[in-house]
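Engineer: Chains as they are written, first to last, in our numbering: chain A, 1 to 253; chain B, 1001 to 1253; chain C, 2001 to 2253; chain D, 3001 to 3253.
Calculated from the structure, these hints are not laboratory results.
Careful, some of the hints might be misleading.
BS3-like, lysine-lysine: derived pairs with alpha carbons at most 27 Å apart [said to hold, decoys possible]: (1) Lys202(A) with Lys1202(B); (2) Lys2202(C) with Lys1202(B); (3) Lys3217(D) with Lys3202(D); (4) Lys3202(D) with Lys202(A); (5) Lys217(A) with Lys202(A); (6) Lys2217(C) with Lys2202(C); (7) Lys1202(B) with Lys1217(B); (8) Lys3202(D) with Lys2202(C).
To list a few chain D residues with every Cβ distance to chain A over 12 Å, as calculated [claimed, not checked]: (9) Glu3021; (10) Asp3063; (11) Ala3087; (12) Arg3088; (13) Thr3110; (14) Pro3127; (15) Asn3134; (16) Met3145; (17) Ala3156; (18) Pro3200; (19) Ala3203; (20) Lys3217; (21) Thr3223; (22) Arg3232; (23) Leu3239.
Pair by pair, the computed Cβ-Cβ distance ranges are [to be verified]: (24) Pro3127(D) with Gly235(A): 37 to 45 Å; (25) Pro3089(D) with Arg54(A): 54 to 62 Å; (26) Gly3197(D) with Asp1003(B): 48 to 56 Å; (27) Pro127(A) with Gly3136(D): 21 to 29 Å; (28) Pro2127(C) with Leu3239(D): 37 to 45 Å; (29) Asp2055(C) with Met3145(D): 48 to 56 Å; (30) Ala1111(B) with Asn3144(D): 48 to 56 Å; (31) Ser5(A) with Gly3237(D): 55 to 63 Å; (32) Ser1205(B) with Pro2127(C): 47 to 55 Å; (33) Gly3197(D) with Ser1205(B): 29 to 37 Å.
Ideal Cβ placement from N, Cα and C applies to all residues, glycine included.
There are 4 protein chains.
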Amino acid sequence: MTDLSLALRDLVVANRILASEDVVDAYGHVSIRHPRDATRYLLARSLSPELVGRDDIMEFALDGTPVRGDDRQPYLERFIHGAIYEARPDVQAVVHAHAEAVLPFTITTTALRPVIHSGSFMGGHVPVWDIRDNFGDTNLLVTNMAHGRDLARCLAGNSVALMRGHGFAAAARSLIEVVRMSVYVPRNARALLAATGLGPVKALSQGEIDARAAGYKPHSPETWRAWEYWARRAGCGHLLAKRPVKPAKRSKR
Amino acid sequence: MTDLSLALRDLVVANRILASEDVVDAYGHVSIRHPRDATRYLLARSLSPELVGRDDIMEFALDGTPVRGDDRQPYLERFIHGAIYEARPDVQAVVHAHAEAVLPFTITTTALRPVIHSGSFMGGHVPVWDIRDNFGDTNLLVTNMAHGRDLARCLAGNSVALMRGHGFAAAARSLIEVVRMSVYVPRNARALLAATGLGPVKALSQGEIDARAAGYKPHSPETWRAWEYWARRAGCGHLLAKRPVKPAKRSKR
Amino acid sequence: MTDLSLALRDLVVANRILASEDVVDAYGHVSIRHPRDATRYLLARSLSPELVGRDDIMEFALDGTPVRGDDRQPYLERFIHGAIYEARPDVQAVVHAHAEAVLPFTITTTALRPVIHSGSFMGGHVPVWDIRDNFGDTNLLVTNMAHGRDLARCLAGNSVALMRGHGFAAAARSLIEVVRMSVYVPRNARALLAATGLGPVKALSQGEIDARAAGYKPHSPETWRAWEYWARRAGCGHLLAKRPVKPAKRSKR
Amino acid sequence: MTDLSLALRDLVVANRILASEDVVDAYGHVSIRHPRDATRYLLARSLSPELVGRDDIMEFALDGTPVRGDDRQPYLERFIHGAIYEARPDVQAVVHAHAEAVLPFTITTTALRPVIHSGSFMGGHVPVWDIRDNFGDTNLLVTNMAHGRDLARCLAGNSVALMRGHGFAAAARSLIEVVRMSVYVPRNARALLAATGLGPVKALSQGEIDARAAGYKPHSPETWRAWEYWARRAGCGHLLAKRPVKPAKRSKR
Chain A
1 MTDLSLALRD LVVANRILAS EDVVDAYGHV SIRHPRDATR YLLARSLSPE LVGRDDIMEF
61 ALDGTPVRGD DRQPYLERFI HGAIYEARPD VQAVVHAHAE AVLPFTITTT ALRPVIHSGS
121 FMGGHVPVWD IRDNFGDTNL LVTNMAHGRD LARCLAGNSV ALMRGHGFAA AARSLIEVVR
181 MSVYVPRNAR ALLAATGLGP VKALSQGEID ARAAGYKPHS PETWRAWEYW ARRAGCGHLL
241 AKRPVKPAKR SKR
Chain B
1001 MTDLSLALRD LVVANRILAS EDVVDAYGHV SIRHPRDATR YLLARSLSPE LVGRDDIMEF
1061 ALDGTPVRGD DRQPYLERFI HGAIYEARPD VQAVVHAHAE AVLPFTITTT ALRPVIHSGS
1121 FMGGHVPVWD IRDNFGDTNL LVTNMAHGRD LARCLAGNSV ALMRGHGFAA AARSLIEVVR
1181 MSVYVPRNAR ALLAATGLGP VKALSQGEID ARAAGYKPHS PETWRAWEYW ARRAGCGHLL
1241 AKRPVKPAKR SKR
Chain C
2001 MTDLSLALRD LVVANRILAS EDVVDAYGHV SIRHPRDATR YLLARSLSPE LVGRDDIMEF
2061 ALDGTPVRGD DRQPYLERFI HGAIYEARPD VQAVVHAHAE AVLPFTITTT ALRPVIHSGS
2121 FMGGHVPVWD IRDNFGDTNL LVTNMAHGRD LARCLAGNSV ALMRGHGFAA AARSLIEVVR
2181 MSVYVPRNAR ALLAATGLGP VKALSQGEID ARAAGYKPHS PETWRAWEYW ARRAGCGHLL
2241 AKRPVKPAKR SKR
Chain D
3001 MTDLSLALRD LVVANRILAS EDVVDAYGHV SIRHPRDATR YLLARSLSPE LVGRDDIMEF
3061 ALDGTPVRGD DRQPYLERFI HGAIYEARPD VQAVVHAHAE AVLPFTITTT ALRPVIHSGS
3121 FMGGHVPVWD IRDNFGDTNL LVTNMAHGRD LARCLAGNSV ALMRGHGFAA AARSLIEVVR
3181 MSVYVPRNAR ALLAATGLGP VKALSQGEID ARAAGYKPHS PETWRAWEYW ARRAGCGHLL
3241 AKRPVKPAKR SKR
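Taking the hints into account, I'd like the entire structure generated from these sequences.
Structural biologist: Have a look at this one:
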C-alpha cells in the first residue's frame, strides 16, 4: 500500500472511532493534511462519520476549494480544517466535534484544563473562541475562511480550542494523536465537571503536561493499544495496520 | 407514492427516530397535520412509538375525534396535538415527550433556553405550562380540549412549551423540524444543567437564534444528514426518501 | 392456564423487566403473594433476576420458611417480602432493589418525593429506614424477620421505603403496579436530583397524587402499554397475555 | 484442571468482567499472585483487558521482571502489582483501573468512603496517592519499583488507594473479592458524588464495614451470584466453575 492509501485507510478508521466513542454523531469531522502536498487536506464529503468509507474522502485546497472539480457536497465547516492547516505548519490532523461533555465549558467562565493524566494532551491552556466577538450574530457555524482564520488565531499554538455553544476543534501532529486527544478531552471534562463542588481541584502541573507530551510517541505501545481497542469497538479491527506480536521466547507453562 | 403515502412513511420514521434517540419511551407521540385537510391530523393509535407502523396511524378531527368511526384505542393525550393545530395554522407537526433531561426544568424556576447552537430551534422563550394553574389537582394529563387549549395558549407563538412535572410539547412547520428540535431540546437541557455551578452562562442571543432559524431549511443537506443518521440508527434506513449522490466529477485518485 | 400459572408467568416477566430497566442487577428481587393462599408468597431462588425462569420460583411461608422442604438456596433478604405481606393485607406484590438513582436519597436528609407525574405512585411520603436505629452495626442486610418487621413498621401504609445505604422496598396491590412504581421511582429520583441547584422545586400536590392513584387501574391501556413496552425490551414479548387489538372499523385510506 | 489452570481461567474471566462493567477500558489491568510461588504474579501482556485470553498471561517476579525470558510487551505499570504483593503478604489479587466515577475524588479534598453497603469492601479509609509528592513532575504513570513502593506505602493496610488524576489500585485476599470491590467502588463513588448537595451524608460506620467484611466469604452464594452475573454479561458464562444446583427436594407444584 502506498502512503496515501494507508493515510486514507487510517482516516476511515479515525472517522469510525470518533463516531463509536461518541465524540461525534451526525455532525463532526476529522481530516489529515495530504501526505504528499502540504497545501491540501483530506476530508470526507458531507456524511455522518460513522458512514464514511474510503471513496467518500475528498481533497481540498487550504481555502476549502475541492480539487479537480469534485462537486460532491462538502462539510459546511471544512474551513475549520483549512484555516488551522494554514496557520499551523506543524499540524497534520484536525478534529471538529460537538461532544456533549465539553459543551458546559464552552458557555461558562470555568476553564477546561487537564485534571486527569489522559487529558494532558490538550495542553495547559484551552482557549474559548466565540464567533460573536468579531462577527456579531451568526448561525455559529464556521462557514468561510474569515471565520476559520479567526478560530485559528484563537487556537494559536495550543492543541484544543473550545467553540462557544458549539464544541471544540483539536489539532495535532498526527492522526492518532488528534483522535486520542478528542476521545480524552470529553473524559477530562466529565471528571472536572464532577469534581466541581467537591472542593478545590488539583490540576496537572505544566511540568506533568510537558513530561507526558515528551513521553508519548504516536506509535508507542500504549498509544497503539488505545487505537487498536477503539478501532475494534468501532468494527474496524480488520483495517488496522498489523503490528506483529513477537512469538514468545518462553518455555511452556 | 402519493403525498399522503410519503407523509405516512415519514411519520413512521419519525416515531422510530424519537424512540431510538430516547426522546420518547413507552409514552410520547408525534403527529402531522393531514397534507390534504388542515382540519385533520395523523397520529398513531395508543402504542409505543418504537412499534408504530403505517397501519397503526389514525386520523383525527382537531377536537380529537377519530374520523370514520375508527374505534381503536387512541392516545389519551391526543388533545395536545389537536389544540396546537387549532391555535397555530403555521404548525404542521407536533411532538409530545417526557424526555428525562428536560424534567428538571419543568419543576424549578431556572428557564430552559438555547445555550448550544443546535438548541436554537426551541426559540428564545420556552414557557412552562402548569395544569394546576387553571384546573387545580388533576392527574397531570392533557385529556380533553380544555386542557389542550390551555396548553396551546401558554405555548402561544413559541416552538416549545414545558409541561410541569411531565415533559414538553414541540411544534414546527414540518415533521423533520419538529423531530430535530425534539432531539436537540434534551441535549441543550443537559448542557445547561451541567453548566449550572460553573459560573454565569452565555446563552444564544436572539440574533443568533434568528440567524439560525433563517438559515436552516427543512431539507438542507445539514438537516437531511441528521435525519438520515437518526433514521439509520433507528433501523429505518430503508424507509428514507433517497437523495441521489451526484456521481463525482473527479479524476481517479 | 390456571391463575397460578398466569401468576408465575407474570412473575417471570416482572423479573426480566426489572433487570432490563436496570432497577435490579445481580441483586434485587420481586415477589407476589400466592393467589390461592394469603399466608404464602412466591419468590425466585437466589438467582439474578434476568436469569429467573418459571422453575426457579419457590414458595414461602410469610416467615420465610420454604414450603414442602424445598432446599434450594433462597434470597437472604426474602424477609423483606414476608414481613411486608404480614403487616399489609392489601399488598399483593413487593420489590426490593438497589437502583443507583435512589441511593443518594437514602444517605442524606433531602426527602424523595414525587416531582414528575409518573413518580406519583410512590405516594406523598417515602420514609427512610435505617437498620442501625434498632439493630446497631450490622451488614445492612434484612436477614431475619426482626429486621423485616422493623422495615415493615417504617414502611407503614406507604408504598415505598428507602433503605439507608442500600436501596428501596416497594409494595403495591398488584404486580404490574409494583413493577411500574419500581421503574419510575429511579426516574423521579434522577429528576429531583438534577433539579437541585436550579431553584425551589415544585413537587406534586397530595391532590395530584390522589387523582393519579384513583385514575390508573392495573390494566388500563396506559398501564398495559408500559408493561408491554418493557416486556418486549426485556425479550419477553412472547410471554405477554395478549389483549386483542380490535379490528379497525374504518374505511380504507 | 490444576490449580494453576483454574487460576488462569479465572484471571481471564476477571479481565473480561472488569472490561464489561466499564471498570477498565483500553487501560487497566488485574493480576493474581502465583498460586504456587508467592514471589511471582500473573498478569497479561500489554493488551486491552477485554481481549485477554489464557495465552496472553505472563509471569513476573515481584520486581516486574518477566520470568523465563518472556519478551512480549508487558504493561508499563505492572510495578503497581509487584510492589503491592511485596508489601502485603496477605494480598493475592490486585486491580489497577481508571474508572471514570472515581476520578473526581482523586483530584479534590472530599474523601471517598463507603456510603452504600456494597461499597463497604473498600474499607473505612481510602488514601489518595499523589506521585508528585515524592517524584515531582512525571507522566503520572507507575513505571518502576520506586513509584510502586511509594504507592504501596500509601496504600498501607487498606484495600483501595486512589491515584491522583489517574484512577485507583485495589488489593484483596482473593480474585473474586478484588473484582467485586473494583466494580462497586465506582458505584459507591457515584452515589457519594450525587449525594453531595443534598445535605450531610451518612456513611457506613466502622462497625458496619467490619460486620460486612466478616460476613462475606469469597465463595458465599451472594458473592458467587454477582461473579456469575458479571461473567455472563461479559460473555464468559462458559468459563465459570460450575456450582451444582441441588436437585430440589420438593413436590411438584
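Engineer: Checking one constraint from the list: CA of Lys3202(D) to CA of Lys2202(C), max 27 Å. Satisfied?
Structural biologist: holds (26 Å)
Engineer: Quickly compare the C-alpha distance for Lys2202(C) and Lys1202(B) to 27 Å and report which way the hint goes.
Structural biologist: The hint holds at about 26 Å.
Engineer: Can you tell me whether the CB distance of Ala1111(B) to Asn3144(D) sits inside 48 to 56 Å?
Structural biologist: holds (54 Å)
Engineer: Per the stated criterion, does the least C-beta distance between Lys3217(D) and chain A lie above 12 Å, as a non-interface residue requires?
Structural biologist: Holds: least Cβ distance 30 Å, greater than 12 Å.
Engineer: Check the non-interface label on Pro3200(D): least C-beta distance to chain A beyond 12 Å or not.
Structural biologist: holds (15 Å)
Engineer: Starting from the hint 47 to 55 Å, judge whether the C-beta atoms of Ser1205(B) and Pro2127(C) obey it.
Structural biologist: holds (48 Å)
Engineer: Does the Cβ-Cβ separation between Pro3127(D) and Gly235(A) fall within 37 to 45 Å?
Structural biologist: Holds: the Cβ-Cβ distance is about 41 Å, inside 37 to 45 Å.
Engineer: Would Glu3021(D) pass as off the interface with chain A, using Cβ distances and a cut of 12 Å?
Structural biologist: holds (16 Å)
Engineer: Grab the minimum beta-carbon distance between Thr3223(D) and chain A and tell me whether it stays above 12 Å.
Structural biologist: holds (28 Å)
Engineer: Is Lys2217(C) within 27 Å of Lys2202(C), Cα to Cα?
Structural biologist: Answer holds: Lys2217(C) to Lys2202(C) is near 26 Å, not above 27 Å.
Engineer: Could you check the hint for me, namely that Gly3197(D) and Ser1205(B) are 29 to 37 Å apart, CB to CB?
Structural biologist: holds (31 Å)
Engineer: Can the suggested window of 37 to 45 Å be confirmed for the beta-carbon pair Pro2127(C) and Leu3239(D)?
Structural biologist: holds (44 Å)
Comparing the model with each earlier hint shows violations of hints 13, 31; every other hint is respected.
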